[in-house]
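*Asks:* Read off the chains here:
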Amino acid sequence: MKNKIYSSFDQAVEGLPDGSTVMFPGFGGGGLPRNLIAALHRQGAKDLTGVSNNAGALDDKVDVGTLVEAGQMKKMICAFTAATHPSRITPFVQMYNNDEIDAELVPQGTLAERMRAAGAGIGGFYTPSSVGTELAEGKEHREINGRMHVLEHPLFGDYAFIRAWKADTFGNLQFRLTQRNFNVVMAMAATVTIVEVENEIVEAGELEPDHIHVPGIYVDRMVTIPPDGIWY
Amino acid sequence: MKNKIYSSFDQAVEGLPDGSTVMFPGFGGGGLPRNLIAALHRQGAKDLTGVSNNAGALDDKVDVGTLVEAGQMKKMICAFTAATHPSRITPFVQMYNNDEIDAELVPQGTLAERMRAAGAGIGGFYTPSSVGTELAEGKEHREINGRMHVLEHPLFGDYAFIRAWKADTFGNLQFRLTQRNFNVVMAMAATVTIVEVENEIVEAGELEPDHIHVPGIYVDRMVTIPPDGIWY
Amino acid sequence: MAEKPKLERQAMCDRLAMEFQDEWIVNLGVGMPTLCSNYVDPSRDIITHSENGVIGYGPLAEEGKEDGHLVNAGGQFVTAQPGMSILHHADSFAVIRGGMVDVTVMGAYEVAGNGDFANWRIPSRKGGGIGGAMDLAACAKRVFIAMEHNTREGGPKLLNRCTLPITAPGVVKLLATDLGLFEITPEGFVLREHAPGWNPEEIQELTEAKLIIPPDLKEFRFRA
Amino acid sequence: MAEKPKLERQAMCDRLAMEFQDEWIVNLGVGMPTLCSNYVDPSRDIITHSENGVIGYGPLAEEGKEDGHLVNAGGQFVTAQPGMSILHHADSFAVIRGGMVDVTVMGAYEVAGNGDFANWRIPSRKGGGIGGAMDLAACAKRVFIAMEHNTREGGPKLLNRCTLPITAPGVVKLLATDLGLFEITPEGFVLREHAPGWNPEEIQELTEAKLIIPPDLKEFRFRA
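Just so you know, the protein sequences line up as chains E, W, D and V, in that order. Sequential numbering of the first sequence, starting at 14, is according to our numbering. Sequential numbering of the second sequence, starting at 14, is according to our numbering. Sequential numbering of the third sequence, starting at 179, is according to our numbering. Sequential numbering of the fourth sequence, starting at 179, is according to our numbering.
Please keep in mind that the hints were generated in silico from the structure rather than gathered at the bench. C-beta atoms are modelled at their ideal positions from N, C-alpha and C, and glycine is treated no differently. A hint or two may mislead.
What the hints assert, rightly or not - One-sided excerpt, in silico: chain E residues whose CB lies under 7 angstroms from chain D: (1) Lys88; (2) Tyr109; (3) Leu190; (4) Tyr245.
Produce the entire structure from the sequences given, and follow the hints as far as they go.
*Replies:* What follows is the structure, given as structure tokens:
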């Protein structure tokens with residue numbers, strides 16, 4: 014079996030080229046690959062396109078916002094691009110207001126489904142979400158069974174950074190509760206999937222085949238979070 | 014909590030109207046709801062449209078072929094409509110050759126994805142499967158990223174008959190190994206989902222939230238298979 | 179008149195929650211609507227759904243008892259409840275787009291008499307925050323809104339037509355503000371219940387859209 | 179000539195299996211191709227995929243040790259193997275359409291020099307049996323075919339153009355018949371290896387399409 018276990022986060026993100034599209038899961042802090050993000054911050058790749066629910070800086074720990082603030086991101090594709098509150102001006106919002114970073118705003122369900130489509134080899138799909146709004150402007154419309162839909166396209170990543178609960182040596186992953194969020198579709202949509210794991214990686218065969226959320230065929234590199242890693 | 018537990022298969026299929034579209038999972042015998050099919054045979058609904066990987070009669074036990082042979086089916090939507098071997102003339106093949114039953118032949122992956130689309134509120138999707146073949150004739154084509162795709166439509170069911178390994182009183186379901194097959198997407202695609210369960214139905218809370226394959230919101234009626242039920 | 183007491187946010191959310199029916203799958207948006215979860219009639223059998231992939235979660239976690247792996251769509255720590263199940267994000271929005279959600283309760287900047295509403299973008303600010311609101315608004319069976327009746331500056335928020343970019347067209351069915359409960363019908367806003375001490379004329383004065391005042395207008399119902 | 183021994187089915191499948199590379203995800207079609215699983219070089223690290231939703235299953239189950247819940251796409255009982263995982267049918271075809279399958283091995287009625295092949299429908303019979311073949315043929319990285327060189331009546335099956343309705347256009351890369359191993363190139367069929375005792379002219383005689391005979395033509399390789 015191919016060895017997918019890397020000894021450090023730095024090693025796991027080595028060689029990630031400038032200009033890559035990187036997918037970052039996480040929702041409310043759970044399932045957010047903070048250690049890999051910190052490693053990418055140290056690694057210094059630039060001109061990245063980030064795919065994420067939001068542009069980060071939601072707490073005082075490392076998140077996508079760290080990469081934004083460091084100027085490593087050229088564009089964010091996410092479901093939140095404005096300050097959630099006028100007083101809450103993140104580095105992203107500041108840079109976005111100054112046209113120093115690009116952004117594409119996508120409804121959250123469409124964002125998730127576009128990644129699922131990329132992973133599932135679907136060339137495009139019709140959704141009723143966003144019809145009649147500013148975000149549907151310029152998109153191809155089609156009435157299906159009396160209801161208007163817009164055409165949406167698959168969203169591929171070069172890399173997905175994943176945060177899992179358990180993993181085995183083959184790369185099979187399990188998530189715990191709402192930690193799962195975007196992790197599954199991002200692992201499917203990206204060419205290279207790198208995982209930080211909250212528990213020791215077990216031998217193949219120790220996880221129940223029925224309870225695996227991401228099959229190991231989607232996983233390329235894994236690192237167990239060490240005691241001095243970033244936990245939550 | 015609404016009581017979804019029915020005391021018999023006959024009670025569970027009571028009132029299923031003539032002309033309904035009924036989805037039948039199962040692949041290689043696993044996940045095939047034989048008890049519910051037997052009950053529908055006794056119930057006698059007619060002019061049904063069946064959605065299934067094949068048209069049944071694959072062994073000497075009750076399966077979709079039983080309903081076909083009894084004349085309850087007006088149409089089958091499936092991935093196999095011919096005899097797998099010239100010597101293997103099932104009742105379906107005979108009736109189909111005599112134009113006594115309709116059929117729509119769908120590639121297996123497209124069949125599964127069409128049901129997922131129905132459940133997921135997707136109005137249609139583009140797939141490269143079947144492009145350049147007889148089955149793509151008359152379908153809308155579109156080149157996406159240099160590759161030709163065909164447009165496929167969601168496939169809804171009025172009823173799904175499901176065979177599960179475990180269930181709780183809320184209707185959460187678990188499947189064992191390849192028993193899972195079409196069960197999940199059929200439960201999503203159908204208006205009314207009826208389940209036969211291989212184990213005693215446990216209290217809500219006894220199944221791990223992370224290990225549920227079909228959330229109870231998709232499930233309407235359940236029956237535990239009794240000792241004298243049809244097991245495999 | 180500015181001194182006259184208006185309805186508390188909790189009362190507004192309680193009132194919307196009273197409309198929830200047995201077996202309803204309910205999605206509560208970030209902010210005020212999550213207050214609805216503080217009052218759900220215990221005789222009602224409500225199923226919670228949060229777009230980050232959890233069905234059937236329980237009340238907010240007590241301080242010190244939070245589980246870092248269990249949050250709602252607002253990022254608040256919630257509790258597990260028997261029968262809870264987890265989906266990944268795409269499957270969670272499959273539930274939403276598939277029409278399984280009976281009601282979504284959201285906040286808004288503006289609501290119009292044609293059922294349009296706006297809650298994601300202020301033109302003076304660049305970008306916006308959509309989250310799952312567009313998917314929910316387009317696909318839930320019912321959209322309920324909880325919001326203040328007027329802007330901080332006293333401007334109207336119940337409008338003839340939205341001035342801000344809308345979240346979805348023609349979907350709002352019921353609206354609770356700090357001045358009353360409003361149904362949106364093909365004819366426009368109907369004032370169903372008025373805040374105590376407020377008469378329809380006073381409410382109309384603070385409203386751009388023409389309110390329909392039905393003969394059976396009632397006083398606002400509070401939690402029992 | 180009809181008496182001259184041809185290759186056994188197992189040898190044909192062994193030969194195709196020799197081409198499998200480390201880490202390849204391999205999908206073996208119903209019928210002859212499943213014989214490939216009888217010979218996989220143990221030094222090779224192959225990952226099996228079956229379209230009914232199982233990744234990383236092991237060899238066929240011994241009689242009496244079958245697990246009724248674990249079958250491959252041919253409905254045969256297979257065994258669990260460490261690292262195995264299960265997907266539902268739509269997610270299993272997501273693996274296929276997503277381009278994760280490195281090779282699919284199928285049977286066929288006809289293969290053409292342009293890479294087309296036909297394996298699902300005979301016009302004299304109504305309907306057909308597609309199963310997952312169209313999805314696999316369109317989306318796997320490579321399509322290998324194992325089939326007899328000629329029909330029972332002695333007719334050709336390696337054709338200039340398929341006469342039967344095709345399964346996918348232009349996808350076949352490698353073909354093993356009972357007379358040899360054929361690569362399909364932009365120029366057409368290249369005879370790479372001939373069955374022992376058969377020379378290229380004899381094989382050409384039983385073939386409709388013009389075969390390209392390369393200078394490095396070899397004898398068919400058997401399992402070590």
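*Asks:* Starting from the hint list further up, note which numbers the structure goes against and sort them upward.
*Replies:* 1
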